[in-house]
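> Next come the chains, spelled out residue by residue.
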Amino acid sequence: MSYLKKSPWILHYDASSCNGCDIEVLACLTPLYDVERFGIINTGNPKHADIFVITGGINEQSSVVVKNIYDQIPSPKVVVAVGICAATGGVFRECYNIKGGVNTTIPVDVYVPGCAARPESIIDGIVAALSILEEKRKAMKKGETPL
Amino acid sequence: MGREIVIPFGPQHPVLPEPIHLDLVLEDEMVKEAIPSIGYIHRGLEKLVEKRDFKNYVYIAERICGICSFIHSVSYCQGIENIMEITIPDRAAYLRVIWSEYSRLHSHLLWLGLFADAMGFENLFMTAWRLREHMLNDMEETTGGRVIQGSCKVGGVRCDISNDKLASMSAGLTAIEPELSEMAGVFLEDETIDMRTRGVGVLSKDSAWDLGAVGPVARGSGIALDARMTGYGAYEHLDFSPVVISGGDCYARCRVRVEELFTSLDLIGQAITMMPDGDIEVPVRGNPSGEFFSRTEQPRGEVVHYIRGNGTKNLLRHRVRTPTTANIPGLVQMLAGCELANVPVIVLSIDPCIGCAER
Amino acid sequence: MTIEKQTTVVIPVDLLLDEVKKMHDAKYRLVQVGCGQFKDQIEINYSFERDLVFSNLRITIDKETQVPSVTDLYHAAFVYENEIHDLFGIGFFGISLDYQGTFIRTKDKHPFYNTINKEDSLRPEEEGS
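Residue numbers (my numbering), protein chains in the order written: chain H, 6 to 152; chain C, 94 to 452; chain A, 245 to 373.
Don't read these hints as lab results, they were simulated from the structure. Take the hints with a grain of salt, since some may be wrong.
Cβ-to-Cβ under 10 Å is the rule here; a few derived chain H residues that face chain A [to be verified]:
(1) Asn64
(2) Glu65
(3) Gln66
(4) Asn102
(5) Ile103
(6) Lys104
(7) Tyr116
Here are a few chain A residues that sit away from chain H, every Cβ distance over 12 Å (derived from the structure) [unchecked claim]:
(8) Val257
(9) Asp258
(10) His268
(11) Arg294
(12) Asn300
(13) Thr304
(14) Phe337
(15) Ile339
(16) Asp352
For every residue, glycine included, the Cβ atom is placed at its ideal position computed from N, Cα and C.
One chain only, chain H, in its complex shape (with noise of 0.2 Å):
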């Protein structure tokens, strides 16, 4: 795990998801698992946040929505796509209405497998985020702009 001198603040939003990874990322944040453990805090504002987490495969509505938050949230970000919904639109990547997974509409930095995603591996996901998120922390601060 890496070391950080700032807790990164993440903001949760559900792009097309059963609500199955929503409540499993809200569990990360309750008295079992405890991500504030690691500082993080669960936030909803996009200029506050550091890691963007989102459930769910891109649909036509919210793909506007979710383009719109990322470009709010300040740079360096990292984004967590959680569940497999949220990687290739899952089991519902054959429905008329789902464009695919999270990378169709903004980069993406971290899959986390499973339907619906284990509290488990969401941190482990987000705790892959943070080192990402402090190589690009670096890489900017060196004058390089970051992915």
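The hints should help you fit chains C and A onto chain H, whose structure is shown.
Only chains C and A this time, still in chain H's reference frame:
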């Protein structure tokens, strides 16, 4: 008379775990009208019946929503079983009741937590979710899944619970009951919660009936409306009466859910005591031909699965009317005339499950 | 296991409002309005419930038929009617809250109408529907 402005609420909003959009027409701090718009998580999964075998479709039906998951699969399977005239073994029916009531427990605890969070009562949110983990552990130990169980199938259930395990589940629930009572006391008697919820978002009994409200919203407005009263599955053998509270405000809806926690505990206890031995599934031959409206009671209210088959392995039509869809007109009514600061509490008080509503 | 009785009465579109009014006057609750396409026909079911008795009114129409809205009697029907309009392209007149096709925004317009997938041609003929 103040100036009229329109404030967009959602789709991404701190209080909403899921996206719904409301245009709030305000006059000063007062909401004059709320216009909902949905579609942010519309997937179109009802269309998948044309591509999936009706037995495999159970997985899709279960994923309509990750919170009410098990009861969705029960409703779907029950519909198919009715069309095909399959009688499932008693043990399977009782197991379905046990898992359904566990779903209700975990869903109500989840909602109570979110409700506390909407009022800024962070500690209570954590307490409710800590207790919820007990239910999820039991679900995981018996089905393998925390939120999506996958244990229901056409013709019965996929896995059995041993009698030893049932006994230990029963003991576990008895042990956790005092903790639930302690938490219930805070929800029902704490002054802060009282001030945020009493008299807020009132829906009268007549309006609730006219607007087709279901579940805790209807029961909180004094209507005894609970699909479990129809005695589907093993409910006909269990001693059950719905929790009905008059008042119609956010407090009444909260009270319905708090009291239903104990009803569910009681139903699980009864089901475990009466659990018969025997098979857990019957073989399913042929394809469904006919139609049925399958009704069951979800944590959020009555759900209707309309299923129609023509004797092939793919169904012709599967339509789901979820409780949140039925409660949206009621929500619009509650919001008219409320204060802007109360909007989050009122929106949460119907327990919106947008994943269900939009499918 | 108790299997509840469900009745379905098929009525012509002209009588829809009258029949729905009878249900409304008899204090029935509107459970749902649901739609389905079976071959070229569109079927709309209006489900009602009172004292645990579940009954349906059904109209069978083609796509061009304009259906009168029941929102004057049951305001809650606006959710279902807008949904049917957006998914099937059926026109309703007189909806109390008309979203004009923006209730559920989908990639393709009216995704449920005439979009039975290709494997369907392999299916045997439908019976008795």
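> Okay, which hints does this one fail, numbers in order?
7, 16
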